[in-house]
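J.: What follows is the residue order along each chain.
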Amino acid sequence: MKKTPLYEWHLAHGANMADFGGYKMPLWYPGGVKNEHLAVITGSGVFDTSHMAVVMVSGLDAHDLLQTCFTKDLDACTGKKRAPLCPGRCAYGAFLNERGEVLDDAIVYMLETHSYMAVVNSGMGGVVAQHLTAHAEGKKATLIDLTDRVGKIDLQGPLSAKILEKVLANPDAVFKTLPYFSFKGHFDTTWGPADAVRLADHTPIMLSRTGYTGEFGFEIFSAPDHIVHIWELLLDAGIESGIVPCGLAARDSLRGGAVLPLSHQDIGPWPFINHPWSFALPFNAEASSSNADTLSSNAEHAGFTKKFIGDGALGRVKHNEYTYAFSGMDPRKVTPTDPAEVLDEDGRAIGTVLTCVTDMAIGRHGNQIYSISSPDKPKGFAPRGLCCGFIKVHAKMAPGQEVVLKDNRRKITVEIVENIRPDRTARKPMAGMI
Amino acid sequence: MKEINELNLPQDVRYTKDHEWARAGGEKVVIGLSDYAQDQLGDIVFVEMPQPGDVFGKGDEFGTVESVKAVAELYMPVGGEILAVNSALEDTPEYVNQAPYTNGWIIEIKPSHPSELDELMNQDEYVSMLKGL
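Taken in order, these protein sequences are the chains called P and X. Counting in the numbering used here, the first sequence runs from 13 upward without gaps. Counting in the numbering used here, the second sequence runs from 55 upward without gaps.
It should be emphasised that the hints constitute simulated quantities derived from the structure, not laboratory data. Please read these numbers as outputs of a predicted model, since none were measured by experiment. Treat the hints loosely; a few may be bogus.
[As the list claims (entries may be wrong)] Coverage of chain P stretches by chain X, computed from C-beta distances (three or more under 8 Å per stretch; other residues unrestricted):
hint: 1; region: 45 to 52
hint: 2; region: 186 to 197
[Said to hold, decoys possible] Stretches of chain X that chain P covers, calculated by requiring three or more beta carbons in the stretch to come under 8 Å of a beta carbon on chain P:
hint: 3; region: 86 to 99
hint: 4; region: 111 to 124
Glycine included, C-beta positions come from ideal geometry on N, C-alpha and C.
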């Protein structure tokens, strides 16, 4: 089992550790996972994410190679106008095989012309690098798997910019024009733009306006040697803001409530279509606009804006399965590994449960789900949390429809939803967060 | 995660291999979850309890505790009839984490065979078992 640079810190601070993706990782700290989950929604939390892998893609044909292998159209993916990806911007998508099945999801960063960086999941650096290498034949492209050679910390929550401001050498310049899914700086000092973001003590970092909690925040990349130092700097700077170190359990419940998939669990070795993440596929403009108000019906939309590995298979799926987000009526869950099945109103088994977690920041009031950070939450709102997650079913469903989830222990009724935790902060403009 | 020497393991209760505790008092036995179990599970967000009057045998599942990540079954340390459940846990399930042997008690029963209590582990035996895990 591998260790991240923060392993000793986690042990010294009483973390409950578990194996995840080949690494010993913290599940939660003694303050408890509920406290961690809520801190990220109302304040700020830091996550050790150095288990994730980085793959560098460079060369004259790097762009072509990624266009071939990555689901997002790099020529039409930035902002509402779908501008081409440019240096300083990044995009979320997936790497598929010829059958249209997911190898892994990724964020691809454009460092400069002919130079990109893909951030993939724990243990997937080698797999993705190999996949890209296999498709790079005859292309001028160099792949470097930087697994364990880049460290990462995620600083998440609405107070994250206020905390970061205290540790940056040049916060005004860094925060100016740093929209969602953009980044500045570099973890490698030999890189020209590395000077764009340095901590007050000159440590170079790459700072990205991304994360995987659904809340406002940053991912911080640095050389592994600096990670413990940066972690402690952030915790010190965040004392007044109530910053909390957070483990993988809070990351899982936060991303569940934010309708974000966990690779190899919610997306995996089945066709990457008919799911809530149509933004990861290069649908043409008409398809994506009509897709906004229909749920997971993207198989019916003809036409992608580019060709990519797996595209044909996605259009030829014979037995469509549909992935939907759901929300329960109370905190009670089913256990997907039991396994847990999905029953329709007549009690027929129509699919399986992929993820089932409790988002402790939300509750139902009437027909509406509110979060503790909802500006319009009912008076005295004190939620006990709602079970939520993803199901994959044979039948097409609509928001508001109810299904029953059944494991070896219990049956619970849940509702198909488009959104789970309301009033998330991830996309809030920087200006309002400093 | 707590080290074994950091665990709160009182001597006035008996323990099961599934980490429930049972405290005898007069004709009744109060049952809850050990400090070790609550520490392993993490924050409890829901406790599912039986109805007063329900009767269970030793080792039967009588409810569940639900953490953010997982659901764990609760098993009867001794058989008997449910006299009361801790209804405070409906709104404050975190009592199981904060005070597992006091405010976090789960059920009170009338044991069918009080001698079953003698088959449970005392503190020393429970600590030995935990050291072997």
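J.: Quick check: which numbered hints come out false for this structure?
T.: 2
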